[in-house]
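Engineer: Just so we're aligned, residue 6 is where the sequence shown starts under my numbering, counting upward by one.
For the record, the hints were derived by calculation from the structure and aren't laboratory data. Among the hints, a few may not be true.
Said to hold, decoys possible - Distance condition first, Cα-Cα at most 20 angstroms in a straight line; then the derived EDC-like pairs of lysine to aspartate or glutamate: (1) Lys28 <-> Asp173; (2) Lys208 <-> Asp223; (3) Lys208 <-> Glu197; (4) Lys155 <-> Glu181; (5) Lys203 <-> Glu177; (6) Lys108 <-> Glu124; (7) Lys207 <-> Asp223; (8) Lys42 <-> Asp107; (9) Lys194 <-> Glu218; (10) Lys203 <-> Asp173; (11) Lys42 <-> Asp173; (12) Lys29 <-> Asp116; (13) Lys20 <-> Asp9; (14) Lys28 <-> Asp47; (15) Lys108 <-> Asp47; (16) Lys208 <-> Asp173; (17) Lys108 <-> Asp213; (18) Lys194 <-> Glu181; (19) Lys20 <-> Glu124; (20) Lys108 <-> Glu210; (21) Lys29 <-> Asp17.
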Amino acid sequence: MSVDLNRVQNCDVLKGLPGDIQKKIADQATLAEMSAKTTLFDCGDACNNLALVLSGSVRVFTRSPSGREISLYRVNRNELCIITLSCLLGGDTYPASGVTDDKVTAIVLSDPLFHILVEQQRDFRTAVFHLFGQRLTGFMQLIDEITFHKLDQRLAGFLAQGGSVVNDSHQEIADELGSVREVVSRLLKQFEERNWIKNARKKIEVLDRLALENYAADAE
C-alpha cells in the first residue's frame, strides 16, 4: 500500500526533511496495517526494513531455550525499534522477536531507502540516533531492574504503573517480567492477602497503589 504524503509530513522522524525527500519517501515507502498479535519479526529473521509506527504498539521480547519470555520494550507512535536499527546498521539477523499488541499502522522504509536517508539526510540521521540513545537508556534501566530488584518488587512496580484494573493474565504478566506463571501467581496471592490487590480471572484490581509503589521502591 502506498503512503500518503500527509502521513509522511506528520511523522516526527520524517517531518523535518525537505519536501522533495518527503515526496520520495511517499513514493518509495509502503504503508502497513497489521492486526493484533501479528509477528513482525522473529529471532533469526533477516532484517530488511524499518517500520515507523504511526499508531498502535509493538512488543519486543526475547525468549529463552525453555520458552520463557521477557519483554525488552514496546515501540509506540513516533518511536523506533533499537534492535531493528542495530540489525540494519550492522547487517545482522534479529536476536529477538516483535509482535503487535493491537492494530498497528506504520510507514515501512526498505533497507536501501533507510541507508540513503541515513547517509544523505542529516536531520533524519540526527532523529534516528537521538531515539536510539533514548531506547538504549531504557535498556540500561531494564538491566538494572533485573539485576538489582527482586521479582516481587518488579511485580509491584508493574502493577503500580498500570490503571486501577490490570487486564492481563498471570501468564502474560510472567512473560512481561521474565518469570513463570506459578511464581507470579504465588506473589499475587501474597499481595492479595495484604489487601493491595484483588485477583479475578484475567483481571487484577489495584486496591492500594501507594503500598505497591513503596514496596517496589524498597531496596531491601
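Engineer: Would you mind marking each hint as holding or not holding in the structure?
Structural biologist: Tested hints:
1. Using a Cα cut-off of 20 angstroms, the hinted pair Lys28 and Asp173 is violated, with the two alpha carbons roughly 42 angstroms apart.
2. Simply put, Lys208 and Asp223 have alpha-carbon atoms about 26 angstroms apart, too far for the 20 angstroms limit, and the pair is violated.
3. Distance restraint check for Lys208 and Glu197: the Cα-Cα separation of roughly 13 angstroms lies within the 20 angstroms cut-off, and the hinted pair is therefore satisfied.
4. As the CA atoms of Lys155 and Glu181 are separated by approximately 14 angstroms, the hinted pair is consistent with the 20 angstroms bound.
5. Annotation: proposed proximity of Lys203 to Glu177 holds, straight-line Cα distance about 17 angstroms (limit 20 angstroms).
6. As the CA atoms of Lys108 and Glu124 are separated by approximately 32 angstroms, the hinted pair breaks the 20 angstroms bound.
7. Distance restraint check for Lys207 and Asp223: the Cα-Cα separation of roughly 28 angstroms exceeds the 20 angstroms cut-off, and the hinted pair is therefore not satisfied.
8. For the proposed pair Lys42 and Asp107, the alpha carbon gap of about 7 angstroms is at most 20 angstroms, so the pair holds.
9. Proximity of Lys194 to Glu218 is assessed by CA-CA distance (about 17 angstroms); at most 20 angstroms being required, the pair is judged to hold.
10. Note on Lys203 and Asp173: the hinted pairing holds, with a Cα-Cα distance of about 13 angstroms set against a maximum of 20 angstroms.
11. For the proposed pair Lys42 and Asp173, the alpha carbon gap of about 15 angstroms is at most 20 angstroms, so the pair holds.
12. With a C-alpha separation of about 15 angstroms, the suggested pairing of Lys29 with Asp116 holds against the 20 angstroms cut-off.
13. Of the supplied pair hints, the one linking Lys20 and Asp9 holds, its CA atoms being roughly 13 angstroms apart against a limit of 20 angstroms.
14. Between Lys28 and Asp47 the alpha-carbon distance is near 31 angstroms, which puts this suggested pair outside the 20 angstroms criterion.
15. Distance hint between Lys108 and Asp47 is fulfilled; the C-alpha atoms sit about 18 angstroms from each other, no more than 20 angstroms.
16. As the CA atoms of Lys208 and Asp173 are separated by approximately 6 angstroms, the hinted pair is consistent with the 20 angstroms bound.
17. At most 20 angstroms may separate the alpha-carbon atoms for a hinted pair to count; Lys108 and Asp213 exceed this at roughly 32 angstroms.
18. For the given pair, Lys194 sits about 18 angstroms from Glu181 by alpha-carbon distance, which is consistent with the 20 angstroms threshold.
19. Taking the CA atoms of Lys20 and Glu124, the gap is about 17 angstroms. The hint holds against a cut of 20 angstroms.
20. Between Lys108 and Glu210, the direct Cα distance comes to roughly 26 angstroms. Violation of the 20 angstroms bound is thereby established for this hinted pair.
21. A threshold of 20 angstroms between alpha carbons decides the hint, and for Lys29 with Asp17 the separation of about 17 angstroms falls inside it, so the pair holds.
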